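Peer 1: So you can see what is in the structure, the chains are spelled out below.
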Amino acid sequence: MTGALPQSIELLRAENLRRTLGADESKTKALRGVSLALQSGRSYAVTGPSGCGKSTLLYLLGLLDRPDEGEIFLSGKSVARADDTHRTRLRMEKIGFVFQFHFLLPEFTALENVMLPMRRLGKLAPDEMRERAETLLKNVGLAERMNRSTGHLSGGEQQRVAVARALANEPSIILADEPTGNLDERNSKMVFELLASFAHDAPRAVLVVTHNPDLAARCDEVLRMKDGLFATA
Amino acid sequence: MGLILQIAWRFLLAKKRAMLMSLAGIVFGVAFFIVAQAQTSGFESFFIRAVWGTNGALKVQDKFQNNIVTSMAAGENGDFRVKLSEGRTYVEGIAHPAEVLRAVRSFSEVRGSSEVLRGRAVAKSGFREDECEVNGIRLADHLAVSDLAAQVRAGSLADFARNPQTVLIGAKLAERLSLDIGSGLILKQGGESRRYRVAAIFETGVEEFDKRRVYLDLREARGLLHEPEKSSFIQVSLDDNNRADVVAAHMQEVLQHDVRPWQKSEKTWLQVFATLRISSAITMGVIISVAALGMFNTLAIIVMERRREIAILRSMGYTRSDIVAIFVAQGMMVLAAGLVLGCLAAVAITYGIERLPIHIRGIFSADHFVVKWSLWHYVFAAVLSTVVVLIASYLPARRAAKVEPGEIIRGAS
Ligand SMILES: Nc1ncnc2c1ncn2[C@@H]1O[C@H](COP(=O)(O)OP(=O)(O)OP(=O)(O)O)[C@@H](O)[C@H]1O
Ligand SMILES: [Mg+2]
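Protein sequence lines, in the order shown, are assigned to chains A and B. Going by my numbering, the letters in the first sequence line up with residues 1 to 233, in that order. Going by my numbering, the letters in the second sequence line up with residues 1001 to 1413, in that order.
Since the hints were made in silico from the structure, they are not lab data. It should be emphasised that the depicted structure is a prediction, and the values quoted were computed from it without experimental measurement. A couple of the hints might just be wrong.
Covered, in the sense of this in silico footprint (three residues per stretch, anywhere, with C-beta under 8 angstroms from a C-beta of chain A), are these stretches of chain B [said to hold, decoys possible]: (1) 1304 to 1316; (2) 1369 to 1383; (3) 1398 to 1407.
Straight line, CA to CA, 27 angstroms or less: simulated DSSO-like cross-link-like pairs of lysine-lysine [said to hold, decoys possible]: (4) K1402/B x K27/A; (5) K1211/B x K77/A; (6) K29/A x K1402/B.
Virtual Cβ for every residue (Gly too), placed ideally from N, Cα, C.
Bound-form chain B, shown alone (with noise of 0.2 angstroms):
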């Protein structure tokens, strides 16, 4: 083998251009996809994190029961006909909460949970008033199934804990009612208008929740919005929130109570990404397979530049496998260091992305480029380049080990 590894060795360094030129191609074709998918999953990986963060990996909600509903309608020549249906009729939110709570405890998956009692008021202050939707919580259990600790701007969570009469407001709404911490707010409900102070103001990223929601501990809350007893559902954490379908639709059955993971109830958001991956998957799909044409040529010329050699080689016993050995050494070897560069350039271009300076604020709000940094996106172009250069290597060299050594030779003299 070492005989093999220096004749590749020799043989690379003596066509320094055509090395070159291979080089570069692993070295771009790297580079490129690594940054295409860190810059592709980036915002969807934000979206998600900050959806985890924010509403937990699922939600248990309405009771339903199952349940056979016949209707009789009239067929077309005037005979009746019974149809039978199977339904489900829903009760609104969790009539009792603590039993359902520790049935959700007991599923081994389950990180956290938090019971949450969910209504609309009205929050007001000074001259202006603005819709809101208020979320009452027990703070120990919410902390376990969002990252409010995290998502908290100014303010603190100690004060919100000890005094029932503070809440947490997201940082769109407290912008727009002139808010701050200690400042003080108006909740109004069916009547019922009670007087709050700031305890901190946090910030999901999330536009939808940042402008709407206020936080409120769970007993006050009841308080508030006239509900004794239901609650309007469990938040829920998974050790794995990816697995949150599956876990679901165990639960649902179970619990018989409606269960959403969050890959349903952020279908929309998911489905405009997955669109967005697809299309940048196309676009990446035509720039990987313009590189690796390149690549193909490029190695297949540095073979036919070596027909000579490789006849010679030949004649002095050096067998077909022999000749594709060294070709794919060699392309092993342009590989090896074209992977490093390629890395280091991701991670270099990848980087600068992240700090370009982009002003959003929609769905989410960000004020730098949003990239995933992922060892995978590395592995994946580590696999995706060594199956292109063997591939790339293995079939010019096979090709040119099959031709008879002479024929070769009277094309060269």
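Excised from the complex, chain A in its bound form (with noise of 0.2 angstroms):
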């Protein structure tokens, strides 16, 4: 799957991302000058060692954290040093985000999880809402779980969530620090697919962090990165 789709845009590129963390002793060069460029239509692997600024990078293109040096462009507009109240809105509407540890709200159910995105957007009616909401469930196999709390929930079937979660918005960028981390093949593959059946539905770009080799070969591209720096293919 190499050549994009003739009309394939750049949704987002990344200049030079440096960014230090800590300070004193444990300060650390996180990132020393990352560049990047997501297409519409396309999906991403990022994989490297532990510590390396994977993480790092993701906060930075999710708009989470914000970059020493180096510029941001969502959809040409430069983004990295606008302000929160834009960046906040960018977040709502383009990008959907997985973090590493599987991040949801506990006192809430998985349902009410996955529509927490769509009631602040507000674009759709309450039962549009909850009739997407089950049907990403479905999408990553929580038909049975839909109205349990999501702290009874094992680790895997929470990180489905947290991906459904992503999906909420129809975000045309979605970011996920390793959403299969916790799951059994079956289920890392089914999580992976969707994923990026999600990026080559509409003009929509997936960027996944991730140590599986075999998912990272099924990526239209694979990003190796080392010491805060991609390495040169």
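Assembly of the complex is requested from the two constituent chains, each provided in isolation within its own frame, with the hints serving as guidance.
Peer 2: In structure tokens, the structure reads:
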């Protein structure tokens, strides 16, 4: 799957991202000048050893953190230093984020968690939101667990709810930090297929951090990271 | 908004202990604030009510004339200087009471006015004698400027109204002279000595009045005190007694008589009460501050424990103001419950304090603790606690909402 769709457009571009974490003794150059571009209709895998800066990169791309240096363009517009209101709006409408450690609100059921971004966006009627959330949860194999509080779900189940939630507002960019880390082979495949198909259905891009070489190989492009840099192929 | 409230509500229910802690803080603060106010102002307003009920809001007394006094004095180096100073000459009492009474009644703020002739006399019964203060009044007028009707402990005012040979006598004085309803007593003044019967015994609650005061019919008093025309003062009650000082200043200019509002004549005691109020305000301020600090602490912890959820919500597109709104809403929910419980507790405690038996016989007499019931105490408590909770939930929420979500998540994982 090399050739991108002819009408493929650049959804996100990052240039020379640098980020230093911590202070004094624990000061770490987590990113040392990373550049990349995400095209619509394509899937990307980021691989690399633990501590090489994958999560750090994803937070920057997901507008959850700000780079010390470098630029990020969303649909051609610079956003790295945009004001918070603007970035928050972009997170809601354009970006779906799956955290490495499946972050859900434990006070809410699986269904409610998936509906939280939709309700904030407020584009659908309540019935439509519910319907969409149910479909998403069925797609990740949780039809039976929808009304259970997420505090009472297994790690893998929580991770799948997090994936469903990331897709809730039909974002054009999905950023998933090891979404299959806790899953068995069958569920890994299911979640991965879901994400990949999501990218290919519409002008969207999916970027997945993974340690699984099989899954990485299924992506349109694999980006290898080491010590805060992409390894040159 | 429903979404924000729902999130706030769920967060609240999930952390029961923190919620109960902050609830307890509010209930304690609110109840303490109200009870402290009720018991601080209790005796003061009791005293003021007794003063109003006995002496009215103000008194029109001595007539004065403005004049300019010139005097000469020797200067340091032997020359003479002329000193000019303005002064007033006072003529004791009211020479033309009917005229002044008419003028007083023309003031729109005046609710009632009563002409009083006051003089010293000696009261005698059986073997005992005691000094007393005779007050000659017209009963109907005087009832309009005092609570005399309500202060009667025994006997009847009707008897006093019908029969000028009767007196109304203070409870303490009656006790000392062993007088009862219907007993006879003799009032002596400057060689004059007249016999009377006790028609009623009154008690104002203020010692000073209850141990000296005797009321007599005005015309009868004129005879006893040898004072055919003059009156001592005119006692006045107002629609709003709290404005007595303002009205008095105005009246004084118009009537050319000295006019004393209660705020001036009871200055000594009012100052004592003011001092007490300040000292209790200091104590209260300290305790309220401690409660408020506790509140700040608890709410800050509630926000701290929710940093992860804040980051998640922010990552999904919840704005900084959404986050602040969630925690302020949470604070307001606890506040609403705390206010209701706090006010109920305050009512119960105030009620209990009011029933504490204490025996006071001094400037006033009471057999139980005196509290003041005022809706304003509850309103102030509500306003104060709302301000505290608003600030205490707003500040930490805003601080947490400012942090980039990635920063929080990195710290948490
Ligand atoms: N708060 C922090 N202070 C200092 N250094 C940090 C902090 N958080 C992370 N780091 C360092 O930054 C580097 C990049 O971390 P990052 O989480 O991006 O790695 P990663 O590639 O996601 O690793 P993993 O595969 O284990 O999730 C690491 O060397 C890590 O030790
Ligand atoms: Mg990571």
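Peer 1: Return the numbers of the hints above that this structure violates; sort them in rising order.
Peer 2: Hints 2, 5 not satisfied by this model.
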